[in-house]
Amino acid sequence: MLTRFKGAHIVDPGNINEHRDLLIKDGRIHGLLDPGAVDPEPGIETIDVTGMILVPGLIDIHVHLREPGHEYKETIQSGLMAAAHGGFTAVCPMPNTNPVNDSAQVTRFILERAKEAGLCRVYPVGAITRGLKGDTLAEYGDMRQAGMVAITDDGRPVDNARVMRRAMEYAEGLGLPVISHSEELSLAGDGAMNEGTVATRLGIRGIPNAAESIMVMREIALAELTSARVHIAHVSCEESVEAIRQGKKRGVKVTCETAPHYFTLTDEAVADYDTHAKMNPPLRTEKDRLAVIQGLIDGTIDCIATDHAPHSPLEKEVEFDQAAFGIIGLETSLALSLKLVHDELITMETLVEKMSRNPALFLGIDNRLVPGNPGDITVIDPDKVHVLDPADFVSKSRNTPFAGIEVKGEAFLTMVEGRIIYQRRI
Amino acid sequence: MRFEHKDILDIEALSVQDITMILDTAEGMKGISKRAVKKVPTLRGKTIILLFQEPSTRTRSSFDIAAKRLSADSISLSKSTSSIVKGETLIDTARTLEAMNPDVIVIRHPSSGAPHLIAKHVNASVINAGDGIHGHPTQALLDLMTVREKKGSLSGLNISIVGDISHSRVARSNITGFTMMGAKVTVAAPATMIPKGVESLGCRIAPDMDSCVENADVIMMLRIQKERQENILFPTEREYATLYGLNDRRLKLAAGDAIVMHPGPLNRGVEITNEVANGANAVILDQVTNGVALRMALFYLVAGGSRNVDTV
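If you read the protein sequences in the order shown, they are chains C and W.
Take 1013 as the starting number for the first sequence in the numbering used here and just add one per residue.
Take 10 as the starting number for the second sequence in the numbering used here and just add one per residue.
There's no promise every hint is true.
Okay, derived cross-link-like pairs now, DSS-like style, lysine-lysine, Cα gap no bigger than 27 Å in a straight line [claimed, not checked]:
no.	chain 1	residue 1	chain 2	residue 2
1	W	Lys15	C	Lys1328
2	C	Lys1328	W	Lys129
3	W	Lys55	W	Lys88
Covered by chain W, per the in silico footprint, the following chain C stretches (three or more residues, Cβ under 8 Å) [unchecked claim]:
no.	segment
4	1199–1209
5	1417–1431
Sample of chain W residues facing chain C (criterion: CB under 8 Å; computed from the structure) [what the hints assert, rightly or not]:
no.	residue
6	Gly96
7	Thr98
8	Ile100
9	Gly122
10	Gly141
11	Lys205
12	Val207
13	Leu210
Everything labelled a hint here was simulated from the structure, so no lab data went into it.
Where a beta carbon is used, it is the ideal one built from N, C-alpha and C, also for glycine.
Sequences and hints are given; from them, build the entire structure.
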């Protein structure tokens, strides 16, 4: 079966950036055609995507699918539907489930469930320490064999520098990257939002930038010591961006990601104790927001990930300091990130690097649109103006600060291995 | 002029006119407490719930007495007698109380913003009796009332606030309130107790206590909370008293007719010496007396007959 995507502008960083038609056959990239060229064989399926952008499938390397353990917030099935809806062909679920993904058994369970869902690809991330407790290493070798691709104690830092050092050394030997949730807990304390003018006005205990950047600096020093690959999760502030920039300059194997809320919002969004603007790390100030954008522009920040963190009203419709940290992101990420392109801060090619190519490199996947590679693609309708409405989301949760915001652009079609897993009803 | 507010959640939600109206109304209420029969029928048939989720003696009894002097039926719920300890959410508690048709819910809560959350879910008026480290608007209003009473007006006065600004809801509301009314607020404390960006509330930070109280018309001392010591805010109470305690020497740096305020309860010998607390400049008990009148005024303004009544 041959499928032809007709009329698209293909953006495949470093490979293609022009109007071409793409052919998919038997789940794989078959080849390219010049626009207007005759069909290579009769009876092929044609999908008209005129005016749209076709890119290698978007990959979100930081999501929480909540299964096993917190299925009332999200399941692997609902989370992957949300991912497909948002244009993602692959996601990396974090290990802070219940039970924690710190064993091959749990890794296999996640992959089994993902297979049943039959939607996006799932690359599970395992725990650094058993039970996320910060003291003993989980069985990375065993988990890797089951399909685990990286390790992290996301949601918590690895407090003890010696444990982190050993984890990095051990993981490096297995070729696994270490993802750091960088937070100095003794400094973050019981803070619930960014430390600053807004927190002072609202009487909310603050989390200073240094609670993040100190740990980012520690991780870079440890990566330097161990030669391990370290990836800093959800970078939110100027000092972290700068520390990573310097680390990269020195040749440390450090990469990082930010999330759309960090380049879209500031702590002003907490406004009247809005728990939908509560996440960890917290929304920072305008200076930090601009530094994050600068990091995306100059290449310091490699990836845009969502940190999709579904929570039910049970965790969010409560007192601000009692509310859970985190917001959903899979169904808003593309539109929010496209704003950077519409505002001419980055090119479409750079956006695809942040949301597809660099995440693929992080996972060691070749996702270029060249013959033989898997038919994982995302078609983006870049100019579709619409209002973000949680009622349209397929995620089980609705915890987003972006409800009611007008955006431009969205996913039109998501294809994994030649199968359409999401297509907008025109 | 009409009072347009359903709730009293923050000082900053009020206008200068609103505050003036509240203080004027409170002055009118003050006489009731001096009568032999300290009760008027103004709020007869109104129900006021005092939902106190934090220990409080003075604020709760002040609200309770204020409600009773206006003939409202008041019921007091504390943390131990409410379903909160049984795991009920704050919104459920609010909705349950709302179903009993109260006219006013007064709430004291350890979480900043809790009164705002309740106000979104009930039709009753909500009065913030202190939320976390955010605000204590009725305390600020009674302080404004006390200063206006003693000084005639608020505009142009030098107000010094000394103590743990970071963790004080009284400080936040007072800085905002006094600044709104045209006074100049200066704060002093060890840097560990000055929150980031506090100047955005309208105050100035003094480098030390002496320069803070110099020429002050009003010195407001905040309670040092001993339980906060685990946060490593200062080395010892002895050193704190030396650097930031109000004593006779420092009081002399202030204007001759300066008044000394304290929201209580006092740590005598720590933030304020016994002599100053008992001295002629102290108006600490006037604050308590005015607190009842001020809260009567607020009940009257938000629940008197129909809301938005004209002033007395």
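Here is how each hint holds up against the structure:
1. W:Lys15 to C:Lys1328: Holds. Lys15 (chain W) to Lys1328 (chain C) sits at ~25 Å (cutoff 27 Å).
2. C:Lys1328 to W:Lys129: holds, 14 Å
3. W:Lys55 to W:Lys88: Distance of about 23 Å is within 27 Å: holds.
4. 1199–1209: holds (count 3)
5. 1417–1431: Result for this restraint: violated, n = 0.
6. Gly96: Gly96 (chain W) check fails; min Cβ-Cβ to chain C is 11 Å, beyond 8 Å.
7. Thr98: Check passed: Cβ of Thr98 (chain W) comes within 6 Å of chain C, closer than 8 Å.
8. Ile100: holds, 6 Å
9. Gly122: holds, 3 Å
10. Gly141: holds, 5 Å
11. Lys205: holds, 5 Å
12. Val207: holds, 6 Å
13. Leu210: Holds: closest Cβ of chain C sits about 7 Å from Leu210 (chain W), inside 8 Å.
Going through the hint list in order, the structure does not satisfy hints 5, 6.
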